[in-house]
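Undergrad: Protein chains in written order, with our numbering: chain A, 4 to 353; chain B, 3 to 517; chain C, 934 to 1303; chain D, 198 to 495.
Worth flagging that the hints you see were computed from the coordinates, not collected in a lab.
Do not rely on the hints blindly, as some may be mistaken.
Unchecked claim - Cross-link-like lysine-lysine pairs, in silico, BS3-like; alpha carbons within 30 Å at most:
1) LYS74/B x LYS338/A
2) LYS209/A x LYS406/B
3) LYS1165/C x LYS359/B
4) LYS401/B x LYS18/A
5) LYS165/B x LYS1165/C
6) LYS338/A x LYS406/B
7) LYS338/A x LYS1266/C
8) LYS209/A x LYS336/B
9) LYS18/A x LYS412/B
10) LYS209/A x LYS412/B
11) LYS406/B x LYS18/A
12) LYS125/B x LYS1165/C
13) LYS1165/C x LYS83/B
14) LYS83/B x LYS338/A
15) LYS1266/C x LYS74/B
16) LYS83/B x LYS209/A
17) LYS182/B x LYS1266/C
18) LYS380/B x LYS338/A
19) LYS209/A x LYS345/B
20) LYS330/D x LYS359/D
21) LYS120/B x LYS209/A
22) LYS120/B x LYS1165/C
23) LYS18/A x LYS390/B
24) LYS76/B x LYS209/A
25) LYS18/A x LYS359/B
26) LYS338/A x LYS359/B
To be verified - Using C-beta positions, here's what the derived DEER-type ranges look like:
27) LEU204/A x VAL1064/C: 34 to 40 Å
28) SER20/B x LYS1165/C: 28 to 34 Å
29) GLU397/B x GLY314/A: 43 to 49 Å
Nothing here was measured: the structure is a model prediction, and the numbers come from that model.
Even glycine gets a Cβ: it sits at the ideal position worked out from N, Cα and C.
Residues per chain, in single letters:
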Amino acid sequence: MSSPTSELLRGLAKKRVFWPLVTLALLLLFNLAFNPRFFSITIQEGHLYGSLIDILNRAAPLMIIAMGLTLVIATHGIDISVGAVVAISGAVAATMIGGQLDLSGGAQDATRYPLLLVIVVSLAVAMLFGMWNGMLISYFGMQPIIATLILLVTGRGVAQLITEGQIITIYYTPYFFIGNGFLAGLPFSLFIVAAVLALLLLLTRKTALGLFIEAVGLNPVAARFAGVRSRAIIFWAYAFCGLCAGIAGLIVSSNVKSADGNNAGLLFELDAILAVVLGGTALNGGRFTLVGSVLGALIIQTLTTTIYSVGVPPEVTLVVKAVVVFLVSILQSDKVRNRIATLGKVQEAL
Amino acid sequence: MTEAVPVLEVKGISKRFSGVQALRGVDFRLLPGEVHAVMGQNGAGKSTLIKILTGVHRPDAGRILLQGSEIKPKSPSEARKLGISTVYQEVNLCPNLSVAENICLGHDPSEAFAIRWKQLNRKAEALLADLNIHIDVTAPLSTYSIAVQQVCAIARALSTQAKILILDEPTSSLAEDEVKMLLSVMRKLKAQGMAILFVTHFLDQIFEISDRITILRNGELVGEYPVAELSRMELVTRMVGREIAETGPSRAKGARLSPAEESARDEAYEGVEAPFLSAEGLGRRGSVQDVGLEVKRGKALGVGGLLGSGRTEIARLLFGIDRAEEGSIKIEGKSAQLSSPLKAIQHGIGFCPEDRKHEGIVGELSIRENMVLALQAKRGIFRTLSRKQQDELAEIYIKALGIKTPDAEKPISQLSGGNQQKVLLARWLATNPRMLILDEPTRGIDVAAKLEIMEKVMELCDKGMAILFISSEIEEVLCYSDRIAVMRDRRKVGEIEAGEADESTVFKIIAGGQA
Amino acid sequence: MNNGNSAASAAAFPALTSAHSRPRLDPRFLPLVVTLGLFVAMFGAGSVAFEGFFSLQVFLNLFIDNAFLLIAAIGMTFVIISGGIDLSVGSVVALTTMVLAVLVENRGWSPAVVIPLVLLMGATIGLVHGVVIHYFEIQPFIVTLAGMFLARGLCYLISIDSISITNPFFSEISAVQFPLPFDTSISVNVVIALGMLLVAIYLAHYTRFGRTLYAIGGSEQSALLMGLPVAKTKILTYTFSGFCSALAGIAFSFYMLSGYGLHAQGLEMDAIAAAVVGGTLLTGGSGYVAGTLVGVLIYGTIQTLIMFEGSLSSWWTKIVIGLLLLVFCLLQKALGRGPRIKGPARATQEVNGQQRSAPAATERAAHVGG
Amino acid sequence: KDKIVLGFSQVGAESEWRTANTQSIKDAAAKEGITLKFSDAQQKQENQIKAIRSFIAQRVDVIAFSPVVETGWEPVLREAKRAGIPVVLTDRSVSVKDESLWVSFLGSDFVEEGRRAAKWLVDYAPVKELAAKGEVNIVELQGTVGSAPAIDRKKGFEEILKNQPKFKIIRSQTGDFTRAKGKEVMEAFLKAEGKKINVLYAHNDDMAIGAIQAIEEAGLKPGKDIVIVSIDAVKGAFEAMIAGKLNCSVECSPLLGPQLMSIVKDVVAGKPVPRRIVTEEGVFPQETAAKEFPNRKY
Ligand SMILES: Nc1ncnc2c1ncn2[C@@H]1O[C@H](COP(=O)(O)OP(=O)(O)OP(=O)(O)O)[C@@H](O)[C@H]1O
Ligand SMILES: Nc1ncnc2c1ncn2[C@@H]1O[C@H](COP(=O)(O)OP(=O)(O)OP(=O)(O)O)[C@@H](O)[C@H]1O
Ligand SMILES: [Mg+2]
Ligand SMILES: [Mg+2]
């Protein structure tokens, strides 16, 4: 006998994004138990303010990168250079804006180039680096991990070259809107995330792109034999991933109002890959879920924020993180789920 | 008739996959020293039965008895230790390992402490030699064609001292010669008392070698019969559940169409002088040399030849997978650059490759997605087929080709082998091609389905499609082609009208007789 | 037709033997040879460009300075060949140094007890990884990433400070130098690493375990259906990698005489890079342990070149490392593939007396890149 | 006589401070006519060891380096000694049993920096007032877990506060020495502790600058509602102080170049050099910032 709710639950459980959602909910509930104020959202200076908003805002760069990386991973590739590209795009933007502190006290609210140009150029540079990866991988047949490792190393150098090893502080207020601004009470960066997500969903679910990416990721030979232009698809996946990293770079640099060639986006690649995998996309390529990756990024950020706000001592942080990652992945393992499902069935039968 | 004690006995086995009852209460027994054929249409449950016997799947119900005592194999390695040696339907070997390793790895005494490579290689060579294959066994398996790989899989199964040998469609890619060799090996083993479970869709082979036949239909047992008591007709009828003709009408003049229809067809293309595709002096280093072909609208050109004679390579050149280094290709009289499969598709060519698993299906994608892939690629990314169109397409072809599946969203890897092949055919039919290259299209397809498929193809051919038909079965080539190009040593050595030829004519050309 | 065929196969035999007797390079070793050649070229270039570069000691320093990397990379190579990955390598090295330091220094345990203990610890960590990866079917990336966090975290739990190892056994071992001709020498670590290399080559190429490893990397599904012990082998592989990490950690302790939670950061990436540069495919199923040695040497040479250069700023250092790696990989690709396209070294076999070539294989190999 | 060859192994370029340090050494070497072999270790001790070994192979006259950590130098320094190459330490010392392995150590004292920050804080008038009324709640942004400056700056700070019962460190978390992390952690602190926080102690200026942004976004006034003290005294900190958002920065000078070169020349010339040279460092409260700013080089 099955009630409509359990039927509904079972239907939901089949969806890829179900388990990441459950995980996220559990993490949030845990927080609530620890800190009743966690969910409180107040209005401050005309916008929403609270831990949840922090999480969303802070996770924005990661969500965007995770989406780009999802496409790459779906083609059975990997891109570990995203962190370096984040640094590069931030560095380009900061140098283009330029500016210096006015000794009279106030900041010089000016930019050397129009903001739009700054954004377009930084994104174009980021995308170029993505295309560079794509070219090495799809046309020169290099292994993705090596090709992007080269950029991981070189890219940091390039970013530091641009900033000359300094942290470039940005004083131009309009630029801050990208990472700090609020629109309709919500962080502006969330609208960027939404836009990227909508664009990608449209591209991959309403056109054949999604099908082609999955086919290339699962069986490139068969895909080519069926007329799919595997190389072009792989190339553009990396290019797009670079673009996403570029967007994230702008958000990050705008958020901290400075560009740091060495530290911006450090280890982002690990977090982003983790986000994609927690979201339910396999590293072996093929089936992918963008919404899942976004949820994965949220899970990671929630975990980080939780660690800070619960007051875990820094020495223990990594152990906590390890345990949570471990538990989450066990929860998401098909094996365990099937076990749970059969248990459920037995109970229902009783 | 004295009944020996069965070595292997299966009682009331049932197995359900999501949405499909693959087996329902099936009984089966295997006597020592017999060759026991399991017959059934695509998706009847043969492979599932085998996978249960060898521990790949766990049955939902039922018991397996090995020499009277119950066993519950949990993995193929366990089954192997129990003395059950298996060749699975798709070639399930490791492409990156050498042929010798694929044959001997895991059970050879020469590996005990440190692998003695020389000994291992020699053993593999000897096993292959028994099957009349002489190749460099130190080369990776992937360098060989699917047929050779199949022989390797057989050699692997033979290399263990097993009580029971299970062969799931071992001959689907093999040419007559290798088949003969295999059958003689089977006879030898049988004489030594080994029990053999044999699955194939070739009726000739069944009647040549097997002692008894178990027939499955839709996962249920139809019955077990001594082979002598069953005529071919009866066998097919029991398998399919209705009467059908065993071989379709040949393409030979007058056999399919009435003379009037035939002349009407020929007239329709009279005005167009150029053949759909013509190739001249095609060649590529390490591949075929100096091949000239003409594939005409509304005609089927067969390609005959022995294993490795270069048939597949022609197909690859014509489909833009490999680029020809010499020679030229003309499509409808205009010279064409076929630099990629996509180009070929845009010219209206379709290609069913012989290596279904690696070159054909995208295993984890659904049936629908596999079907629309080529059409969608042809249309490009942005002229997307709506979900509704896709569903309709899938539905049409599932029905038209009789694909056995609960719905179109099932991953194609979960279909039975024959049904996968049908999906691939549907993929190409959906692109509405003007020329179709079929490389061993009937591989692993049951008699009834073969008829249906070829009937469908011939129908399209009559409507003006050009066909290039490659098959290891000369008989089939003769039957379904208008003209036949004969290959030997990677060269075309002759071309004949199918209607005027029989098998011996073809073999004569292969053997180096007149062109 | 039978006639034609048996004639052909009769002809095949002499052809086969003649192919064997010809001293021709096995095409599968070509990439390895190319890689080795490029290493020699690179070292040669350094010798021409920098004074003092061309010396035996500089060459030996490559081994001395990278012994622990080599050991870790060997374990990584095994894991990659099986189609997996192990991100915990660096942190297990750190944890090993930490545990060693604490037990030997603060607790005063004997190295004779502690060394086997940490090896066991490393192997156990690997074992747990393997079991979780196999039985829960969780992606290796995630499991070993969690392991990476955990091992690093445990380091900090033990102590966030670095701990000097002053135990006489350790300082003596680290001081031992095996003299070689021309007034040069190597350290104990080099001997350990090379010993491990030999063991690994034996394991990979002369044992059932090793070959099963390759089989799993080629196709896990097929390996399972071939009746190979997939579960056992996979778990053993991660155990082996954990063991190698612990051994690398011990070598690290000899190298530095200290235990520290921030040791060996990012070593896993270096190990992966060394394996991949040495010709191992990240998709699994193909690669050589010996190649990993060359990969490590190349990595070391690139670093040495930059140190001898001695005028690069920090960022140019990164850029140049990346570019050298890039040039190397491109050359490796171009040279390693070139002859195969042209024909002579192409995989050619005899099937019933007829020559065949390998488009299918090239197809697959070409895809590996993407 | 030939030019002196100095092999210098730098930790990396992980911060502005480090970049200034590198620049100072490069400039000084060029000025003094010393050939500098510079090698960047990208924050890895093993790379520094490799670099030192390659310096030995290149037979440089003097080796100098800024150790990543104190421990783990014994074996390679022994090799240097055997090769007869004197070693000078900059920025941070090493712990080795055999003290003859290095000749001189030039650099700042991280523990002392922590102490100075605490001392300034305890004496700062508004904080004194607070302490008189009740407790002073401090949040701490630590550097990278396990790194020497993080450990020592924490140690020095706590050492002084031990005797000050009114001062409580209520939260301490790592901000990895970066602005982004500093901001993120501070955000979380503000959500969890709200207005309770009186003082922020950051192990470097960058984290403080990040945290300032978080404080502003929370609607509080950095420098007034929350007193902020940090370490390094880089340019950015002065900017913040001039804007009244940072209260004090304790100097940790990276400009070691000139001093290092003179030591190197002395060592080569065989003159005796002091074992320990502490760099001159100041404490810069907000009030002095505007005056000092034009003098800052980094
Ligand atoms: N792993 C699986 N998951 C779901 N369904 C499966 C799976 N394996 C087989 N099936 C289904 O079980 C049925 C029986 O398949 P099976 O492979 O046994 O057929 P078969 O008799 O071997 O056919 P063929 O002659 O085409 O090889 C088919 O409908 C198939 O789709
Ligand atoms: N030793 C080999 N090296 C490279 N490729 C090989 C080798 N053996 C077979 N192949 C490939 O396998 C496929 C089949 O070969 P080919 O086209 O020569 O044979 P065929 O006439 O189609 O015969 P069949 O398909 O029955 O084997 C081709 O793609 C061929 O290149
Ligand atoms: Mg089957
Ligand atoms: Mg073929």
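Undergrad: Can you give the numbers of the hints that this structure goes against, from lowest to highest?
TA: 7, 8, 15, 16, 17, 18, 21, 24, 29
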